[in-house]
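Participant: Spelled out, the chains give:
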Amino acid sequence: MMTDVSKLKSTFPDAVLSSEEYRGDVTVTLKQDSLLPVCSFLRDDPDYSFRFLVDVTAVDYYDRTPRFIMVYHLLSMKHNLRLRLKVPLTGEMPEIETVSGIWPTANWHERETYDLLGVRFINHPDLRRILLPDHWDCHPLRKDYPLEGKGEI
Amino acid sequence: MTDAEIKTDQGKSNHGEAETMEINMGPQHPSTHGVFRAVVELDGETVVKVVPHLGYLHRGIEKIAESRTYHQIIPLTDRLDYMAGASNNLGYCLAVEKLLGIEVPPRGQYIRVIITELSRISSHLFWAGANAHDLGAMTPFFFMTREREQILFLLEMVTGSRLTPSFFRIGGVSLDIPAEFPDECRKFVKNFPPRVDEYETLLTENRIWKSRTKGVGYLSAEDCIKLGVSGPMARAAGIDWDLRKKQPYSGYDRFDFRAAVYTGCDAYDRYRVRMMEMRQSNEIIRQALEGMPEGDHSVKMKSVLKPPAGEVYMAIEAPRGELGFYIVSDGTAQPFRMKVRAPTFVNLQALPKMAEGRIFSDLVAALSSVDLVLAEVDR
Numbered sequence: 001m002m003t004d005v006s007k008l009k010s011t012f013p014d015a016v017l018s019s020e021e022y023r024g025d026v027t028v029t030l031k032q033d034s035l036l037p038v039c040s041f042l043r044d045d046p047d048y049s050f051r052f053l054v055d056v057t058a059v060d061y062y063d064r065t066p067r068f069i070m071v072y073h074l075l076s077m078k079h080n081l082r083l084r085l086k087v088p089l090t091g092e093m094p095e096i097e098t099v100s101g102i103w104p105t106a107n108w109h110e111r112e113t114y115d116l117l118g119v120r121f122i123n124h125p126d127l128r129r130i131l132l133p134d135h136w137d138c139h140p141l142r143k144d145y146p147l148e149g150k151g152e153i
Numbered sequence: 154m155t156d157a158e159i160k161t162d163q164g165k166s167n168h169g170e171a172e173t174m175e176i177n178m179g180p181q182h183p184s185t186h187g188v189f190r191a192v193v194e195l196d197g198e199t200v201v202k203v204v205p206h207l208g209y210l211h212r213g214i215e216k217i218a219e220s221r222t223y224h225q226i227i228p229l230t231d232r233l234d235y236m237a238g239a240s241n242n243l244g245y246c247l248a249v250e251k252l253l254g255i256e257v258p259p260r261g262q263y264i265r266v267i268i269t270e271l272s273r274i275s276s277h278l279f280w281a282g283a284n285a286h287d288l289g290a291m292t293p294f295f296f297m298t299r300e301r302e303q304i305l306f307l308l309e310m311v312t313g314s315r316l317t318p319s320f321f322r323i324g325g326v327s328l329d330i331p332a333e334f335p336d337e338c339r340k341f342v343k344n345f346p347p348r349v350d351e352y353e354t355l356l357t358e359n360r361i362w363k364s365r366t367k368g369v370g371y372l373s374a375e376d377c378i379k380l381g382v383s384g385p386m387a388r389a390a391g392i393d394w395d396l397r398k399k400q401p402y403s404g405y406d407r408f409d410f411r412a413a414v415y416t417g418c419d420a421y422d423r424y425r426v427r428m429m430e431m432r433q434s435n436e437i438i439r440q441a442l443e444g445m446p447e448g449d450h451s452v453k454m455k456s457v458l459k460p461p462a463g464e465v466y467m468a469i470e471a472p473r474g475e476l477g478f479y480i481v482s483d484g485t486a487q488p489f490r491m492k493v494r495a496p497t498f499v500n501l502q503a504l505p506k507m508a509e510g511r512i513f514s515d516l517v518a519a520l521s522s523v524d525l526v527l528a529e530v531d532r
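Chains as they are written, first to last, in the working numbering: chain U, 1 to 153; chain Y, 154 to 532.
Hints in this document: simulated from the structure, not taken from any laboratory.
There could be a bad hint or two in this list.
[Stated by the list, open to error] In silico SDA-like pairs for lysine to any residue, Cα to Cα no more than 20 Å straight-line:
#1 Y:LYS379 with U:LEU127
#2 U:LYS31 with U:ASN80
#3 Y:LYS455 with Y:LYS202
#4 U:LYS150 with Y:ARG232
#5 Y:LYS506 with U:ARG51
#6 Y:LYS202 with Y:HIS182
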């Protein structure tokens with residue numbers, strides 16, 4: 001069964017930039033400023049009930065604009081459905097509101113995204129690096145970071 | 154605790170308030186099963202605060218994957234959760250197959266199921282032994298590694314290696330099973346249930362074991378969902394969620410088994426869930442051996458794959474919870490981005506919730522009940 005996004009679109013007509021389906025995965029692309037209301041709606045609306053946030057990450061599209069796109073994977077155990085949210089971010093040092101107030105599990109996922117890709121999360125309760133040492137000075141999953149590293153730091 | 158570094162919080166003691174102490178648990182602490190460090194604030198023996206520190210085993214697997222071809226990534230994946238390498242191989246191969254829109258022939262699916270379920274049993278066995286050992290019960294470990302050794306022997310017979318099989322391929326498996334394998338495996342399957350009964354005589358009704366685990370590491374179903382906790386930990390909190398049942402992959406819908414669900418929300422029921430899962434996995438292997446279809450085990454694939462541009466997320470029920478691979482393809486021979494959703498990375502986040510307000514020795518029990526594999530947490 002595939003996630004039906006028509007109710008989301010009719011409730012937030014201005015928030016949804018696009019929606020698509022590929023190999024059974026449904027993706028909705030959102031405007032950045034509507035992330036929090038849409039996420040609260042998706043979690044609480046009985047037709048969706050996406051109470052389980054599976055994963056948060058970002059992708060660096062290096063030579064494209066917008067360069068960074070946030071990716072959220074949601075799961076609704078009640079309806080046995082999955083949904084992917086994507087949010088394009090602006091700039092080289094992007095910022096976005098944290099969703100850890102809606103799904104507490106986002107805390108570590110967002111710390112990891114900050115650590116490896118350099119996306120900052122506004123209002124995050126504890127935005128520190130999680131995998132790399134605190135004094136590390138770059139974000140290695142960015143495409144302009146060389147695979148072999150930058151030597152010892 | 155050889156590496157414990159004890160420092161007293163001087164600031165609070167002058168006014169006659171409770172004095173707290175910070176203890177550095179790890180990164181070389183035996184109960185962390187790898188290099189995990191937690192800074193624990195103690196008030197006497199009560200845990201006030203736990204701050205986990207990760208990353209000692211970070212190898213940048215996601216970064217490395219961006220410069221490898223799709224086939225070359227397979228051996229990277231079983232270095233994530235090395236206790237059940239086949240599960241990681243399976244999750245990755247299924248994700249790429251989803252991206253390509255292909256399905257493995259039934260024989261390949263059955264072989265995959267047998268190898269994956271053997272790995273699950275071996276992983277749970279080692280966990281149960283090590284968990285009991287952490288809490289002071291020495292004997293179960295020897296019983297459990299005995300059967301684990303037989304599984305590793307079976308895995309070696311099929312895949313050529315004991316821990317990191319890298320046996321699955323995109324489109325199937327690398328070789329058919331050897332002629333002598335079904336009989337050897339049947340022998341194991343027949344003998345295993347009485348062995349589980351034997352483990353249970355050691356632990357399940359053991360009063361010391363129960364007093365160390367019952368009510369310990371409590372994590373309610375509500376908190377499990379909030380914190381994204383999946384796998385045996387969620388099923389021990391009464392959440393009937395097993396991806397093999399709910400979103401079947403690799404032909405799991407053809408097997409008759411049930412998800413192990415208990416409602417205690419504690420370390421004891423996590424133990425019972427895993428015990429029950431070993432029995433169920435054994436049953437799945439028995440059915441797979443019996444119903445093994447004839448025919449090809451793989452789809453022929455090109456040596457350099459160039460999947461069409463697009464992205465997929467594929468999740469499987471690994472021994473530790475939902476293991477997901479999110480792969481973005483840009484149409485070239487290497488993935489543009491590969492994100493691993495590692496189950497223990499997420500489950501570990503629940504540690505402070507489980508441990509704070511309890512005594513220090515319960516922290517060890519709670520941490521042990523997570524079934525930590527640091528290679529997967531740190532990637």
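Participant: Next, verify each hint and record whether it holds.
Facilitator: Hints, one by one, checked against the model:
1. Only pairs whose Cα atoms come within 20 Å are accepted, and LYS379 (chain Y) paired with LEU127 (chain U) is accepted, the gap being roughly 19 Å.
2. With a CA separation close to 26 Å, the supplied pair LYS31 (chain U) and ASN80 (chain U) exceeds the 20 Å bound.
3. Straight-line distance between C-alpha atoms of LYS455 (chain Y) and LYS202 (chain Y) comes to about 53 Å, which puts the hinted pair past the 20 Å bound.
4. Taken as a hint, the LYS150 (chain U) and ARG232 (chain Y) pair is broken in the structure, with Cα atoms around 24 Å apart against an allowance of 20 Å.
5. At most 20 Å may separate the alpha-carbon atoms for a hinted pair to count; LYS506 (chain Y) and ARG51 (chain U) meet this at roughly 19 Å.
6. Pair hint LYS202 (chain Y) plus HIS182 (chain Y) holds up; C-alpha atoms about 18 Å apart against a cutoff of 20 Å.
Hints 2, 3, 4 from the list above are not met by this structure, while the remaining hints are.
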